[in-house]
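K.L.:
Listed below are the residues making up each chain.
There are 2 protein chains.
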Amino acid sequence: MPITSFHPPHRTLMGPGPSDVHPRILEALGRPTIGHLDPLFVGMMDECKALLKYAFQTENALTLPVSAPGSAGMEACFVNLLERGDKAIVCVNGVFGTRMIENVVRCGAEAIRVDTDWGKPVDVAAVEAALKANPDAKVLAFVHAETSTGAVSDAEKLCQLAQQYDCLSIVDTVTSLGGVPLYVDKWGVDAVYSGTQKCLSCTPGISPVSFSDKAIAVIKSRKQPVQSWFLDMNLILGYWGEGGKRAYHHTAPINALYGLHESLVMLQEEGLEHAWARHRTMHNALAAGLNALGIEFVVDAEYRLPQLNSVWIPEGVDDAKVRAQLLEEFSLEIGAGLGDFAGKVWRIGLMGFSARAENVRLLISALAKAMQDQGYQCDVEAALAAAEALL
Amino acid sequence: MPITSFHPPHRTLMGPGPSDVHPRILEALGRPTIGHLDPLFVGMMDECKALLKYAFQTENALTLPVSAPGSAGMEACFVNLLERGDKAIVCVNGVFGTRMIENVVRCGAEAIRVDTDWGKPVDVAAVEAALKANPDAKVLAFVHAETSTGAVSDAEKLCQLAQQYDCLSIVDTVTSLGGVPLYVDKWGVDAVYSGTQKCLSCTPGISPVSFSDKAIAVIKSRKQPVQSWFLDMNLILGYWGEGGKRAYHHTAPINALYGLHESLVMLQEEGLEHAWARHRTMHNALAAGLNALGIEFVVDAEYRLPQLNSVWIPEGVDDAKVRAQLLEEFSLEIGAGLGDFAGKVWRIGLMGFSARAENVRLLISALAKAMQDQGYQCDVEAALAAAEALL
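Protein chains in written order, with the UniProt record's numbering: chain H, 1 to 391; chain S, 1 to 391.
In isolation and in its complexed conformation, chain H is listed as follows (with noise of 0.2 Å):
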């Protein structure tokens, strides 16, 4: 039987991204194409690099987004930034600062593992002693907002450390970019890079990034070459750079550009410190909500990432069998633990134009009709108002 044309269904996408993708975006998605090098695409360039340096608070000129998703924006960072031999420390407080760890060995680095417990922000003084104790680290890498737990690090602090030891900071930025105060500039954050379908409400696929001077000129000055070629930003910059002068480098993912260059307009229309309390009001009330039905976060309060619920699975609820009745009754998706937390976690997210009321009532009463199915007790009618008291 020939294979015929794909009609995915309406989700609400309450995971740990892609979240819900803004109407507005699907439709610059199916926008005519254009060639890559066309003057009005290559305008179009220009305006997103403004978008992004408002988005990440700089004013670094490598400000770009990578054409490829996330993973592959940390890895630009990470093959930029390091040469063989070189020695990075790397702060270890859930999946993503293993995946750090990954990207740094393959680079023939050496990797110095500050851990922190799973649902804890990165333990400062652990990485200051780490900094003490390795004078010739070249790199601090950290994940700002801890995807896999729900926890946000203090990334003023940590970069302010990794200046004054003298290394250069790369910094996760993920799920935090668009959904919680972030400073690029201010900080001192010498390499950052995220994704597009967290807070942003775009789809996946493209990795911004934003590049220090005191990075560009590490990068310029490496005795090897970038062990990857189609991530090695001394070529980036000839297509992306300033100067009107757009080498061919590779060619660009026109649509999902477009679909990136839309969701920034609406973030900048929206305004960034308004998106940040969006997503701050919409964790309250959410939070409201899972307390009354008797739900516990992983991560203390003052931590917590507004856009990334983690929340232990309450004992004699079947994580799979729960997940699988939101998606198939409700058309509703959330998040299964990752690594540790398999099985012990649900994420709720609330990222980008997931971060409304609607989905806020949504998850409250499907995820307590789930539960209720398997016998759980709760009480559905009093988590609504106690959310509704704070929408």
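Worth flagging that the hints you see were computed from the coordinates, not collected in a lab. Treat the hints with care, since some could be wrong.
Put simply, identical chains are the same to the list, so a pair is met inside one copy or across any two.
Unchecked claim - Dumping the calculated EDC-like pairs for lysine to aspartate or glutamate here, alpha-carbon to alpha-carbon at most 20 Å:
| # | residue 1 | residue 2 |
| --- | --- | --- |
| 1 | K87 | E270 |
| 2 | K214 | D136 |
| 3 | K220 | E102 |
| 4 | K157 | D123 |
| 5 | K157 | D379 |
| 6 | K223 | E102 |
| 7 | K157 | E242 |
| 8 | K120 | D318 |
| 9 | K138 | D166 |
| 10 | K223 | E296 |
| 11 | K223 | E110 |
We have chain H already, so just place chain S on it with the hints.
P.N.:
Relative to the frame of chain H, chain S by itself:
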């Protein structure tokens, strides 16, 4: 002034890619985003793999779309098959062969370069001599359809030689897939990559790849880890592989894959042989028209890619002015020369949805007009008639 939504014009894309994107594919890009681990999405992934196997004419289990443009597909082949200290024979008859060399070197491997003049197919005898002289070579790499020149090489013969001399073959089919005959299994190709924005009529951003069992065995028995985490096939297999277990690796570019799926469904509907014949027919008509205008091809008819027509810019005609006029007056894009061909050659694409009669007619009349405006003498009516006779 705030930046507003970007609304691209409608262009006719007859450069070296992106080609015109079929409206069905543009529509598919804007379908609702669902999760990358959603059972329905996983079903679509399986269909994509089946359709790619058809397009590549292979039964290779490891056949999948890499979540990044063709350049990343190229890199995926090299970083997975090569280790530091390995040796690769690389055929260079245009820009993309030199890019392969860059990839080899960045893997810490040695590149043995076999040059052929630009515009000619890879010199088979020279390749055999290089294979004889380098019995320790692990890889033979070449470009099937050189996008910078428009020449097609004898991939079947070259892959045979690779087998005879116990090398793995890496073949660039970015511009050939869907446009000219390509038989991965019959020819014994070991690693192949392509792009979506050429004869598949899809938007850029994804790179279909396929690896033979022999290549997989080499990847699985590597001594050193693959230097790219993002492109490590050992890990990607966990998400895209057989057996139903879809381990999270990176977030797939959901909507871009909707587009690829739709384009592959359309290729299946048309049938590979019909698609190849259509490209040939349109090329013959275009060539007759261009010849009647007094324009000469760079590549001999025998080795000419129907989908990528490199022609010499007539003396006294200004390259940049003509391309600018075509874009402004006719919203028609053709390609400039790359590398050694810059300023001397135009590259006229007839790829995928661009390979249709109305495009052939438009190109002939618009190009004639732009050249005539610079004093070039030609008979447009005769050229159109010459093309029409073959349509």
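K.L.:
Take the hints in turn and mark each one as holding or not.
P.N.:
Tested hints:
Proximity of K87 to E270 under the C-alpha cut-off of 20 Å is found in neither arrangement, the shortest distances being 41 Å within a copy and 54 Å between copies. Taking the shortest alpha-carbon separations for K214 and D136, only the intra-copy value of 17 Å comes in at or below 20 Å, while the best inter-copy value is 43 Å. Only between protomers do K220 and E102 lie at most 20 Å apart by alpha-carbon distance; the minimum there is 18 Å, versus 24 Å within a single protomer. Within a single copy, K157 and D123 get their C-alpha atoms as close as 11 Å, which meets the 20 Å cut-off; across copies the closest is 60 Å, which misses it.
With identical chains, the CA atoms of K157 and D379 are never at most 20 Å apart, being 42 Å at best within one copy and 72 Å at best between copies. For the identical chains of this complex, K223 and E102 are inter-copy neighbours only, at 16 Å across copies versus 22 Å inside a copy, given an alpha-carbon limit of 20 Å. In this assembly of identical chains, the alpha carbons of K157 and E242 never lie at most 20 Å apart, being 31 Å within a copy and 45 Å across copies at closest. In this assembly of identical chains, the alpha carbons of K120 and D318 never lie at most 20 Å apart, being 26 Å within a copy and 64 Å across copies at closest.
When the C-alpha separation of K138 and D166 is checked against a cutoff of 20 Å, the pair qualifies only within one copy, where the shortest distance is 7 Å, while the shortest distance between copies is 42 Å. For the homomeric pair K223 and E296, neither the shortest alpha-carbon distance inside one copy (51 Å) nor that between copies (46 Å) is at most 20 Å. Taking the shortest Cα distances, K223 and E110 sit within 20 Å of each other both inside one copy (17 Å) and across copies (18 Å).
This entry does not satisfy hints 1, 5, 7, 8 and 10, going by the numbered hints stated previously.
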